[in-house]
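There are 2 protein chains.
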Amino acid sequence: MYDVKVERTSAPKQKPLDESKLGFGTIFTDHMLMIEYDKGQGWHDARIVPYGPIAMDPAAMCLHYGQEIFEGMKAYRGDDGSVYLFRPQENFKRLNSSCERMCIPQMDEELLLESLKMLVELDSGWIPAAKDSSLYIRPFIIATEPKLGVKSSDSYLYMVLLSPSGPYYPSGLDPVKIYVEQSYVRSVRGGTGMVKTGGNYAAALKAQDEAHEQDYSQVLWLDGVERKYIEEVGAMNMFFVLGDEVVTPALLGSILPGITRKSVIEMLRSWGMKVSERRISIDEVAEAYKNGQLKEAFGTGTAAVISPVGELKHGDLVMTINGGKIGPVSQRLYDALTAIQWGRAEDPFGWRVKVK
Amino acid sequence: MYDVKVERTSAPKQKPLDESKLGFGTIFTDHMLMIEYDKGQGWHDARIVPYGPIAMDPAAMCLHYGQEIFEGMKAYRGDDGSVYLFRPQENFKRLNSSCERMCIPQMDEELLLESLKMLVELDSGWIPAAKDSSLYIRPFIIATEPKLGVKSSDSYLYMVLLSPSGPYYPSGLDPVKIYVEQSYVRSVRGGTGMVKTGGNYAAALKAQDEAHEQDYSQVLWLDGVERKYIEEVGAMNMFFVLGDEVVTPALLGSILPGITRKSVIEMLRSWGMKVSERRISIDEVAEAYKNGQLKEAFGTGTAAVISPVGELKHGDLVMTINGGKIGPVSQRLYDALTAIQWGRAEDPFGWRVKVK
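In order, the protein sequence lines correspond to chains A and B. If you're matching positions, the first sequence starts at 237 in our numbering and goes up one per residue. If you're matching positions, the second sequence starts at 237 in our numbering and goes up one per residue.
Keep in mind that the hints were calculated from the coordinates and are not lab data. Each hint should be verified, as a subset may be incorrect.
Treat identical chains as interchangeable: a pair holds within one or across any two.
[As the list claims (entries may be wrong)] Computed list of lysine to any residue pairs in SDA-like fashion (alpha-carbon distance at most 25 Å, straight line):
id	residue 1	residue 2
1	Lys387	Ser369
2	Lys464	Leu488
3	Lys249	Glu547
4	Lys592	Ser369
5	Lys275	Asp445
6	Lys257	Trp279
7	Lys257	Glu381
8	Lys387	Ile290
9	Lys353	Met343
10	Lys526	Asp571
11	Lys387	Asp451
12	Lys275	Ile263
13	Lys387	Cys335
14	Lys561	Asp519
15	Lys241	Lys592
16	Lys329	Pro289
17	Lys531	Arg330
18	Lys257	Asp390
19	Lys442	Pro341
20	Lys257	Val386
21	Lys592	Ile290
22	Lys442	Gly385
Construct the entire structure; sequences and hints are all you get.
Okay, here's the thing in structure tokens:
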């Protein structure tokens, strides 16, 4: 048993009254988790405290040099009141892999899981019951040493925030419109594209803002070297159904190894479908479209689960996919994944972790 | 006149007693500057307050998505007690260009300069008088909206910190050893390499840590596409003296447009020297070395001014430059630039700005 001190709030906040208006990541629960790191001492002082502002030295390195990483996961309320996590061990494994690339000392994954369960259980009253709503979980680590020389920090803070959230896309499973980004680049091999660090997301804001101005919801990133191979879309991994093959870009160092991506691949294979992780160029997608072989396209991510793409624009070519409607593979994946996540179905893969 | 409120500290800190032990960016003065931004209101509430921790919501976007930028400059104490800044307008112009790329609302450059002068004058007693020491100035902007959806923030905080600092490299003008980085990539065209944002520095930590382990002080970055063209070194721009030509990589979108870089180019040209801003491959440098034409190599940056490179390693090839000693061009540039900065020489370029 790990030693996690708990200081309960003396002033519980009002919970959201209308669960249909939760939004995403805007409301926070009564408590948060903190673990500190100091050089020579290691990770120490795990504690759950009332949610509130933290005192930060304005010279803290995370504010200047972006030495920060995060994870994203969810807690789900089952019909019988049970609370589930989905493959949380995978998130903590990836957190440590992000730590390694970003020069942050790794953490004990068992401590991470145990302390997360304590926090979620304490604030389980905040998990919404409305359909497609869940408790979004945000673990993150920031560099806190107050020093302006560029180097790895000697002190860090790990925190977990909880946010009752509605669907990431309020329009739900309605297919989104995206376009192929031709000016900006998200990441390149040798960079940080395969870890969840702030800089990747900051670099992507400009393209995303420009997409929104043109009424597109996201951009599809191409590789930074040849500018032709598909990387990922917004904050999601990308899948294409080409004839009877499901294709997703291989993990070659510049895209995020998504946990929903991994689950989708395993699930499709368990259904006997052919899934290829390989390089796929935008030209191949356009060619398949012209030949009538581009059956479906969808993004995968923790926040949206499955996000079907109804329109994919590449320069002057506007590809309307499956008549702009969600396709059978996307729908089946969404139904099967969410049924496991919310405890409505058997869990043959052993992905679900019960909190209580 | 801009309205900048001033709240003086009631508990001034002890100033460093031994100016030879200042280090870089570890000590902060009595006051700091803050300006806030809120959507619909613009930048507001410019104020100088006692230096201290700020209260930050743990969901503030800068801690998750790295939407943050910074600048670096210095205040110099002249022999007669005058206080100077060096081309501060250039820093604020670049700050606004960083804002533009990173989706942060731009600021009034005149307000930035006026409020900086007020802060520096208030804490001018902290400017060290020791040789090569100065008051390092850190303006920065962080995204503060407490929200976990990935988007541009609706609120920001601009701050300026002041730090009395010794030379960036304690060994001073002693030439440094660097090697050509072959695994990691700092940035790629279409990314954020040309702006001062946290993610660029976070991405570079791993290579820097590995360089230190091998007793090298920095790495020389190659371009992310062809992996052969020279980009920059650590946090500095790079110059090579090849025969009688001084060459520095052109600003093609992935390297930082350094203000020392710009000043060095202008100064060399004023001396009648040939300076080329162009693509330069590591093979060309190695070829010049073998032909005896690689006369000098040096980095330029605000922190170090001029940092001569004594050894440049590329795979198995170890290039010892100018016998491992500082060369005449590097030395002349250092002397001329620092003489202008510290007010010891005429300022034919009009680069110096007097604070008081």
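Now the hints, each set against the structure:
When the C-alpha separation of Lys387 and Ser369 is checked against a cutoff of 25 Å, the pair qualifies only between copies, where the shortest distance is 21 Å, while the shortest distance within a copy is 41 Å. In this assembly of identical chains, the alpha carbons of Lys464 and Leu488 lie at most 25 Å apart whether taken from the same copy (15 Å) or from different copies (20 Å). In this assembly of identical chains, the alpha carbons of Lys249 and Glu547 never lie at most 25 Å apart, being 42 Å within a copy and 61 Å across copies at closest. For the homomeric pair Lys592 and Ser369, the shortest alpha-carbon distance inside one copy (18 Å) is at most 25 Å, but the shortest distance between copies (60 Å) is not.
In this assembly of identical chains, the alpha carbons of Lys275 and Asp445 lie at most 25 Å apart only when taken from different copies (15 Å versus 39 Å within one copy). Within a single copy, Lys257 and Trp279 get their C-alpha atoms no closer than 38 Å, and across copies no closer than 30 Å, so neither meets the 25 Å cut-off. Only between protomers do Lys257 and Glu381 lie at most 25 Å apart by alpha-carbon distance; the minimum there is 19 Å, versus 39 Å within a single protomer. In the homo-oligomer, the alpha carbons of Lys387 and Ile290 lie at most 25 Å apart both inside one protomer (23 Å) and across protomers (22 Å), since each shortest distance falls under that limit.
For the identical chains of this complex, Lys353 and Met343 are intra-copy neighbours only, at 16 Å inside a copy versus 44 Å across copies, given an alpha-carbon limit of 25 Å. Proximity of Lys526 to Asp571 under the C-alpha cut-off of 25 Å is found in neither arrangement, the shortest distances being 29 Å within a copy and 65 Å between copies. Taking CA atoms no more than 25 Å apart as the test, Lys387 paired with Asp451 passes between copies only; the shortest distance there is 15 Å, against 41 Å inside one copy. When the C-alpha separation of Lys275 and Ile263 is checked against a cutoff of 25 Å, the pair qualifies only between copies, where the shortest distance is 19 Å, while the shortest distance within a copy is 34 Å.
In this assembly of identical chains, the alpha carbons of Lys387 and Cys335 lie at most 25 Å apart whether taken from the same copy (15 Å) or from different copies (24 Å). When the C-alpha separation of Lys561 and Asp519 is checked against a cutoff of 25 Å, the pair qualifies only within one copy, where the shortest distance is 23 Å, while the shortest distance between copies is 53 Å. In this assembly of identical chains, the alpha carbons of Lys241 and Lys592 lie at most 25 Å apart only when taken from the same copy (20 Å versus 53 Å across copies). Proximity of Lys329 and Pro289 under a CA criterion of 25 Å is satisfied in neither setting, with 28 Å inside one chain copy and 33 Å between copies.
For the homomeric pair Lys531 and Arg330, neither the shortest alpha-carbon distance inside one copy (32 Å) nor that between copies (47 Å) is at most 25 Å. Taking the shortest alpha-carbon separations for Lys257 and Asp390, only the inter-copy value of 20 Å comes in at or below 25 Å, while the best intra-copy value is 41 Å. In this homomeric assembly, Lys442 and Pro341 come within 25 Å of each other (Cα to Cα) only across copies, at 12 Å, whereas the closest approach inside a single copy is 31 Å. For the homomeric pair Lys257 and Val386, the shortest alpha-carbon distance between copies (18 Å) is at most 25 Å, but the shortest distance inside one copy (43 Å) is not.
Within a single copy, Lys592 and Ile290 get their C-alpha atoms no closer than 30 Å, and across copies no closer than 37 Å, so neither meets the 25 Å cut-off. With identical chains, the CA atoms of Lys442 and Gly385 are at most 25 Å apart between copies only, with a shortest distance of 15 Å across copies and 28 Å within one.
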